[in-house]
Amino acid sequence: MKKNYIIAGLAIFVIIVLSPFWFNMVTTPMAAPKPELLGKAATTKKCVLDKYDMRANHMSLLDTWRDSVVRSSDRKYTAANGHSFNMSLSTGENSCLGCHEDKAKFCDSCHTYASVTPYCWECHTNPKEIQ
Amino acid sequence: MNQKYLIPLTTVFLLFLIAYTGVQGAGLQVFFGIVFPYLAVIAFLGGFVYKVFGWASSAVPFRIPTTCGQQKSLPWIKQNCIDNPDTPGKVFLRMLLEIFLFRSLFRNTKAAFNRNESNKLAYSWEIFLWLGALAFHYSLLVVILRHLRFFTAPVPACLTWLEYFDGIIQLGLPGIFISGIVLLAATLFLLARRIFDTKVSYISQAADYFPLFLIIAIATSGIFMRYFTKVDVIGIKTFTMGLVTFSPVIPQGVGGLFYAHIFMVSVLFIYFPLSKLMHMGGVMLSPTRNMANNTRAKRHVNPWNYDVKTHTYEEYEDHFRDKMIEAGLPVDKKE
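These protein sequence lines are chains R and F, in that order. Residue 3 in this note's numbering sits at position 3 of the first sequence; the count goes up by one each step and never skips. Residue 1108 in this note's numbering sits at position 108 of the second sequence; the count goes up by one each step and never skips.
So here's chain R without its partners, still in its complex pose (with noise of 0.2 Å):
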């Protein structure tokens, strides 16, 4: 093959395999949502999980949570500091936006930066959107 081919082979690869750095330079990445607890959770202060757990862990929580409900009607979930919470992403007081209460801060900011498109919201929903 010709040297010239190669080369310009090459140069396209090396091109490539540095897309993340150029593709940074080139647009402006969002920066990283900061987590803040407003509204009743602000003084509320307890939670279903502790804070790294709660950024690690909640969607097994959830996925837990919505087998008990659905397949043995336990709705009851008692955290590990001795809290008790209803098993409810959405309805009423005692659920994770009842007390969380904007969902655009709570789950749509993460979940857009991680590029995490999960699927709650095709039967939930948001109960600031029903009023």
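Derived from the structure by calculation, the hints contain no laboratory data. Everything hinted at is true.
Using 20 Å as the maximum straight-line C-alpha spacing, the simulated PhoX-like pairs for lysine-lysine come out as follows:
{"hint": "1", "chain 1": "R", "residue 1": "Lys3", "chain 2": "F", "residue 2": "Lys1051"}
{"hint": "2", "chain 1": "R", "residue 1": "Lys51", "chain 2": "F", "residue 2": "Lys1230"}
{"hint": "3", "chain 1": "F", "residue 1": "Lys1276", "chain 2": "F", "residue 2": "Lys1004"}
{"hint": "4", "chain 1": "F", "residue 1": "Lys1298", "chain 2": "R", "residue 2": "Lys2"}
{"hint": "5", "chain 1": "R", "residue 1": "Lys2", "chain 2": "F", "residue 2": "Lys1090"}
{"hint": "6", "chain 1": "R", "residue 1": "Lys2", "chain 2": "F", "residue 2": "Lys1051"}
Computed from a predicted model, the values in this text were never measured in an experiment.
Starting from the known structure of chain R, fit chain F onto it as the hints suggest.
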């Protein structure tokens, strides 16, 4: 037990432990998370470019395409365009199919003795290496592309589509990605083939097992982080975005498993240009595939040919004419 796979296996275990204990015990997050990955990218690109340059400046003196079909001949004889290309366009098509579909692997055969009484040596079509290789390479590609979500913000739509199709079975939370499972299964299959098929086992060296074990360990640690032990994804994305924008930060609370994952990926990148994994670049340059078989239509002169000093018959006769005439030998020119 066989040292050819025990040594690579032990090495991969050690690599994992070095990073895991280095972070959990010694708090070396900066080294394993920032310094080493940057070094790995430099070593990978430098090594890759060096290797390909070396190949590019090697002479390819002979036209040696391997062909598996009818050559271009008289107009009423049908040519096999893909397996015996005679123009650059057909070579391009052949290369494209080779690179994306591994056609030469598809033709893989195996030799075995018949299991019946005749016990004759027989050759049969063996498709599983091709299937395993195809599953492995494509799932690895998808896994690598999916990881770009950690290096772009906002994530381009093509990556979210890829994630959507990869996670289309919507099993569990976080949802299962098909590519991760296929990657692990395919590498385990390719490993099992090397270990249990005695003929393949006989020709397998440590350099064949090491990348397999390393990729298995990387895939396993990734799967563990996603589905079992769980990590703070936002913290990790802040970290990876810091790496690619040259302002690295160490995330709070992210444990040794993540750094072991990053470290093993970095080792794979450094190892890449030193090893048989360079077939990624080499496949493009294989002289038996990327040449047109047009030796009958076109004269190819070996570029290594230099002007050889020849002594023609005319010169010979000029030299010895007197002596030849004297000895009575016939000559072309009398004077």
